[in-house]
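S.K.: One-letter residues, chain by chain:
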Amino acid sequence: MARTTSVSPAKADSPEAGELVATASGRYHVLTRYDRRVLMAMVGIPLFLDILLIWWPTFTSLYYSLTNWDGVGDITSQNFVGLKNYQFLLSGGYFQFWPAVEHNFIWLAWLTFVATPLGIFFAVLLDRDIRGTRFYQSVFYLPVVLSLVVVGFIWELQFAPTEGFINNAFGLVKTGRIIDWLGNPHINLFAVLVAASWRHVGYMMVIYLAGLKSVDPTLREAAKVDGANEVQTFFRVVFPVMAPINTVIVVLTAIESLRAFDLAFIINQGKNGLELLSILITNNSISESTRVGFGSAIAVILLVISLGPIVAFLSQAMKVSRS
Amino acid sequence: MSITGALTRSAATGTAVIARRRLRPARVILHAFLIAMALLWIFPLFWAVYSSFRPIGDTVVHGYVSLPSGGLNLDNYKAFWTGADLPYFYANTLVIVVPSVILILLLASMVAFACTQFSWRFNLTVLMIFTAGNLLPPQVIIVPLYHLYLSTPIPSISELDIGRFAFPFFSDNNLLYDQYIGIMLIHVVFQTGFAAFVLSNYMKTISREITESAIIDGAHVLRICWNIVLPLCRPALAAMATLLFTFIYNDFFWALILLKTGDKRPITSALNNLQGEFFSNNNLIAAGALLAAVPPILVYIFLQKQFIAGLTLGSTKG
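In order, the protein sequence lines correspond to chains A and B. The opening position of the first sequence corresponds to residue 1 in the working numbering, with each subsequent residue numbered one higher. The opening position of the second sequence corresponds to residue 324 in the working numbering, with each subsequent residue numbered one higher.
This is chain B alone, in the form it adopts within the complex (with noise of 0.2 angstroms):
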């Protein structure tokens, strides 16, 4: 310590030159050090995305690890999307994300705007009470609300027909269990919490000022919220929207305990369902992977920002 600290003290003169080039080795070892991890971490995916483009016959002869002899192609990609209807899975998944987005930040930024914008007895017991709720292990939960599921009647009122797929508008089973209304109520509400917590952390930052002035100007509180607050949260509405969506296309838990039958299953968990039936070998498990990380890869290369953004909005200023 003491010889480094000498050195840095006396950097302020010309010794600052010098102490830079005594620490390029370590500059060295860290680059090395991350290059070396940046490759670990790549290489699971790269090597998913390679298998997926070899042909199984070129690799039943040549062995898994083997340079490519009979070319790259797209034929696992093909096999899958059709053998596995695929466009089918994907109408799913955005039946059920698509509304469970929307109606999320619509509930969880009313609940954020009465408790951030306004001072009343119980407001920080709400706000605790959501985010407690949403951080529960949703197995905690999961037999009692599947039994509600069984046991609740829902009228069935029409379908919406396109082409070979059917969407009840409620159920068609007169319950909510197996139903796309029940798969997105869940989703609804447990992630309100986390999304209540995050938008209330941010609402928190507005001046009270606006609102009360807004209120003695005469404006009824929808309009405050709607014209005036939620215009200023745009940033976290983007952001929670864009977590919100990768969290409910990536969730795999309330859609195999709450759905049934493969043909209401989002293609997450659907694609479980195909890994005894469908896959018979690993390029194909390839394929069938990739193809169901394309929304969130997509996220990943556009909504990065808003992405991050959703993920520490919850944590650093919480």
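Bound-form chain A, shown alone (with noise of 0.2 angstroms):
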């Protein structure tokens, strides 16, 4: 049946007849004036609300990272510096920018490489029926309702110089070569990494085993059948067929990668060795800070690295949805 058609069998049996509406699959619907609007207001009432507070932010922020503002009075036009911020920035004129960047990018290879491969190795040796898999999902998965703040507290139990789990298990009190696993730059880090990954294998665990499940067991059985071992199975069978579900762990390691905060700023508000671009953005522009135009910079970079991930989660999306 042709879109445009505008007669229809609904239109004569509808009681309060408005406009046609033709639906993608073909099919009519009678919409009355009155449920139009209802379904605008469904709409738009989030829809205004999320560009007001979401969308609007994002392009101010491009907007202040042109000028030096700082916060105070309005933005005239001898606020504006053009790209100075940026240059000031990329030339490491602001010296904990590209460490920031770069434990931003540990980070990511860090959960990418190391956290995430595990999360779907447990997936993977949990998903077949052996004793106890309930138990052990259920361990594994624990971290994950815990808030960031707690998993923050919890390991400085364990890593605290002379009252934590690790220095006093291996007896460096004792002997007085403690080890500051939080305080030392070149280590904190990697400290840092171990609390945030106990919260993420968990959490990549849970996807991907849901994802193993609704692969057709059929699929396995022929590869057994034809005499794949179960690495080869995995690899060859179930990690092609689970495409979509790798992009979004994907997607979803690098979106918390960018948007790690918490754990930094819990342990030590983001300074001596644990630098990152979501930090040095509230410590240059928020509260007493006045470098408004300077941290909205970072910002900006930030944003441009996120859309990466971004742009792949949702063409993946919409893959989805229109097959």
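Hints are computed from structural coordinates only; laboratory data are not their basis. Fair warning: there could be bad hints in the mix.
[Stated by the list, open to error] Result set (DSS-like, lysine-lysine): computed pairs, CA atoms no more than 25 angstroms apart in a straight line:
id, chain 1, residue 1, chain 2, residue 2
1, B, LYS527, B, LYS628
2, A, LYS319, B, LYS527
3, B, LYS527, A, LYS213
4, A, LYS271, B, LYS583
5, A, LYS319, A, LYS213
6, A, LYS213, A, LYS224
7, B, LYS628, A, LYS213
[Stated by the list, open to error] Listing some non-contacts, in silico: residues in chain A with all C-beta distances to chain B over 10 angstroms:
id, residue
8, PHE165
9, HIS186
10, VAL237
Just so we're clear, the structure is a prediction, and the values are computed from it rather than from any experiment. From the three backbone atoms N, C-alpha and C, an ideal C-beta is built for every residue, glycine too.
Got two chains here, separate frames each, mind docking them using the hints?
M.R.: Below, the structure is given as structure tokens:
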């Protein structure tokens, strides 16, 4: 049936016949004007709020980043400095910038190549009917429900220099060879990453397990009949059909790494080896700090990096909803 | 490959038993590995629980890694509960989380309903705007948002006084900044993006014919949404409510930036303030962290199914 046909049997039956709306599938809705207004409000109110509080600030960050505004008074034409903030950042004029970029990338690499694969590995092991699989799953997923504040506190109990478990358990306190896990700028990032992984691994495991459950079991049986062992079955059969989930997992990992803020802030306010882009933004532009324009330039750089995973996620979602 | 392949290929006959017996050592290694990892995973939490029950005097004398000679008790919990005025911060959390979750579910289900049950030109685009907004790092929008909160006038109307708690309905400083209403607003808007995405994935699986025939029968869209489509989404709504409760309860960043005074902060971010001033030793820190973790742990125990469903709905069907 052609989509533009205006005559439909539904029209005559409907008591409040309004306009006909053709759907993509070629069916027709009879929506009264009232209904259409209600629908518009249902989408319009949340959309207005979303644009006002999420998208307007996003573009305003871009605008602020071209100024040297200090957060007081109005922005005048004298505040515009063009791309100076970016030049200053990229040329290394702000000594914390490149270390923060490096830390964000180490965070990303660690989660991508250590924590996420471990979560996938747990999921693959626990997806089979082995004894106690529910128990193991519950244990690995427990940290996922906890706040990062609580996670940070719990790991401070392990890593603290004189009172922490690790240094005491290995006798480093008694012998005076204390390792300052959270204070030494060469190792504290990795100590924090251990804490972050404690939560991330379980998160990835849960998502991957759900994906594995949706794999057609006959695929595995067929692979088995063809003589593939479990490792081959996973890498040659299961992993490829899991492509959509693999994308989601990679994207979620990337977004988590770019958002990283809480743990580093709780340990030492993101200083001394724990600088992250997210923390530099707030340190420069919020409350007593007055370099609003400068901090916004860092926000824009973080935004540009984030666009990669965001676009990947959206195109994946589009693909699924089209099929 | 060839040897194992040959074995499994002949497994249809009696050699299946042999094959299984040959796998035994692998099973033992597997379980040993899983038990080791499980112990490693549970240990940090176990250690926090153990520390929290130990009197500080005992640890000072015997060291942190030692058996409890002075006995275990709840003194650290008592000290933290009263000393840090914990009931007050729990109340703050409650005031922020409960209305936020209800509002998010309401707004998100409206969006999901209108975008999945009807075809119009921009329905996918609208969903993408919501989803992308939720994927942004919050720090990208925080600077303009902070200044927006500082410059938006909000009327102060009245407050709700319960004992020593005073909850202003709108604002007690005529701003959005440092107000319950402000922190709720950003939670609601930010998480509506996520919830709309997840709920629309769920609603897509509901046949449109239900809505279409209801419309032909003369029902209004609001009635269809409320009486027909939303009841069908009950499992997804329960999962989202559980997940959103945990997300907002666990929030640190928004409360840190958008609430200035300690007395409006929810428990999770208040905990960090107490780090310097109140926590004099690790045993007290442990008790504090665990008390703040009680509601999410209750979710873990009683609503595990809903929580996991919420996490996976957003990824596996999206």
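S.K.: Run every hint past the structure and note whether it holds.
M.R.: Quick rundown of the hints versus the structure:
1. Between B/LYS527 and B/LYS628 the CA atoms are separated by roughly 22 angstroms; this keeps the pair inside 25 angstroms, and the hint holds.
2. With a C-alpha separation of about 14 angstroms, the suggested pair A/LYS319 and B/LYS527 falls inside the 25 angstroms cut-off, and the hint holds.
3. Simply put, B/LYS527 and A/LYS213 have alpha-carbon atoms about 20 angstroms apart, close enough for the 25 angstroms limit, and the pair holds.
4. The hinted pair formed by A/LYS271 and B/LYS583 meets the criterion: a straight-line CA distance of about 22 angstroms does not exceed 25 angstroms.
5. Distance restraint check for A/LYS319 and A/LYS213: the Cα-Cα separation of roughly 21 angstroms lies within the 25 angstroms cut-off, and the hinted pair is therefore satisfied.
6. Of the supplied pair hints, the one linking A/LYS213 and A/LYS224 holds, its CA atoms being roughly 18 angstroms apart against a limit of 25 angstroms.
7. Of the supplied pair hints, the one linking B/LYS628 and A/LYS213 holds, its CA atoms being roughly 15 angstroms apart against a limit of 25 angstroms.
8. Its beta-carbon lying about 5 angstroms from the closest one in chain B, A/PHE165 breaks the requirement of being farther than 10 angstroms from that chain.
9. A/HIS186, annotated as away from the interface, keeps every beta carbon of chain B farther than 10 angstroms; the closest lies near 23 angstroms.
10. Once the 10 angstroms rule is applied to beta carbons, A/VAL237 is consistent with being away from chain B; the minimum gap is 15 angstroms.
Violation of the numbered hints given earlier is confined to hint 8; every other hint is satisfied by the structure.
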